[in-house]
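Once you've looked at the hints, dock chains L and G against the given chain S.
Residue numbers (the numbering used here), protein chains in the order written: chain S, 1 to 102; chain L, 1 to 130; chain G, 1 to 134.
What the hints contain is simulated information worked out from the structure, not anything from laboratory work.
Computed, partial: chain G to chain L, Cβ under 7 Å:
1. A2
2. K4
3. V26
4. I29
5. G30
6. V130
Over 10 Å on every C-beta distance to chain L, these chain S residues come out as not near it, computed from the model:
7. M1
8. N15
9. D18
10. R22
11. S27
12. A47
13. Q52
14. P58
15. Y60
16. G70
17. E74
18. N75
19. M76
20. D78
21. T81
This structure is a prediction, so every number in the text was calculated from the model and none was measured. Beta carbons: idealized from backbone N, C-alpha and C, even for Gly.
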Amino acid sequence: MSVLHIINKSPFDRNSLDTCLRMARPSSAILLIEDGVYALLGNSTAATSLRQAQENHPVYALQPDLQARGISEENMLDGVTLVDYDGFVKLTTEYDKSQSWL
Amino acid sequence: MKFSILINEGPYTHQASDSAYHFTEAALRAGHEIVRVFFYHDGVYNGTRLSVPPQDDRNVCERWSALGQEHSLELILCVAAAQRRGLLDEGEARRAGKDSNNIAPGFEISGLGQLIDAGIQADRLVLFGD
Amino acid sequence: MATKKFLYVNRKPPHGTIYALESLEVVLIGAAFEQDVTLAFIDDGVYQLLKNQDSSAIGTKNFAPTFRALGDYDVNKIYVERESLEMRGLGKEDLMPLTWEDEDDDWAEKDSIHIVSSTELAEIIEQQDVLLNF
Numbered sequence: 001m002s003v004l005h006i007i008n009k010s011p012f013d014r015n016s017l018d019t020c021l022r023m024a025r026p027s028s029a030i031l032l033i034e035d036g037v038y039a040l041l042g043n044s045t046a047a048t049s050l051r052q053a054q055e056n057h058p059v060y061a062l063q064p065d066l067q068a069r070g071i072s073e074e075n076m077l078d079g080v081t082l083v084d085y086d087g088f089v090k091l092t093t094e095y096d097k098s099q100s101w102l
Numbered sequence: 001m002k003f004s005i006l007i008n009e010g011p012y013t014h015q016a017s018d019s020a021y022h023f024t025e026a027a028l029r030a031g032h033e034i035v036r037v038f039f040y041h042d043g044v045y046n047g048t049r050l051s052v053p054p055q056d057d058r059n060v061c062e063r064w065s066a067l068g069q070e071h072s073l074e075l076i077l078c079v080a081a082a083q084r085r086g087l088l089d090e091g092e093a094r095r096a097g098k099d100s101n102n103i104a105p106g107f108e109i110s111g112l113g114q115l116i117d118a119g120i121q122a123d124r125l126v127l128f129g130d
Numbered sequence: 001m002a003t004k005k006f007l008y009v010n011r012k013p014p015h016g017t018i019y020a021l022e023s024l025e026v027v028l029i030g031a032a033f034e035q036d037v038t039l040a041f042i043d044d045g046v047y048q049l050l051k052n053q054d055s056s057a058i059g060t061k062n063f064a065p066t067f068r069a070l071g072d073y074d075v076n077k078i079y080v081e082r083e084s085l086e087m088r089g090l091g092k093e094d095l096m097p098l099t100w101e102d103e104d105d106d107w108a109e110k111d112s113i114h115i116v117s118s119t120e121l122a123e124i125i126e127q128q129d130v131l132l133n134f
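Only chain S is shown next, with the shape it has when bound in the complex:
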């Protein structure tokens, strides 16, 4: 039963991304929303963790949240699929359940 892991906090504020990566099984995906998208910016330690995670999990990000925060394909991690809110809804239907790491 596949899980869509949703992270909404910066990896430098909370350990939600770290904990998520400890618990994410191979069939699951990671979606970054709200402040969670900061994990994709630059060459940070979080981006490095995500790069490793990408070997086992598709990584998605909510494009409106990236845009709000000045993050674009020019300054973020490669290989991330951008979705809008319609895409966010679609993802929740494609995975059996969502785990919002609050």
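Below, chains L and G alone, put in the same frame as chain S:
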């Protein structure tokens, strides 16, 4: 599919209510059914009738009322969380001996059982919080 | 009524915020719905289960003893992540001894708390139908 939405934070301070609103709108656009939108913890503050945000900013509370009325959504404020935080409908205010009530149109106060039921009825439960 | 597997994920400590208390309130109300309930305590959530909590001096409702009632509400699958405990220098002996009585085993008293690895908890998460986080 049937969706239930849980919102754990109030308007403006956290992005949770905004994210939940845009998600709910998108789900409706895609033809999905919304079983219930349940507001818990500080999420109950989304149900106030008395919010007066600046004119040039979105009105988070009114926006929920409008969406709720347009699509006949169940917008439920948890009674225990609401009472603690001073969100009262007419009945609650009278029972508690308070001099006014402040729930916005389209919102209803109900018990936590509605959250469990929302989880049972829906194909997907999506949470927004801190 | 359909039976679903509900998992309550707790990652926040008690007292500094209301999340732990209000999460427990959902668990207790939810018990009336006869669903399959599991609780997970991860990261700072493990602090909710520490022994000897007494909030009288901070003047808040002391809800820690309520955890002991969970067994009576048929909530007896309580998983605590080992890595979270170890990072915090804690062990099972630091936690409240939560138990339940198994009517299928002559009412034998059993531990409700199970310390599990991240891998085991990841499998438990995957088996659930509804994932609640507070």
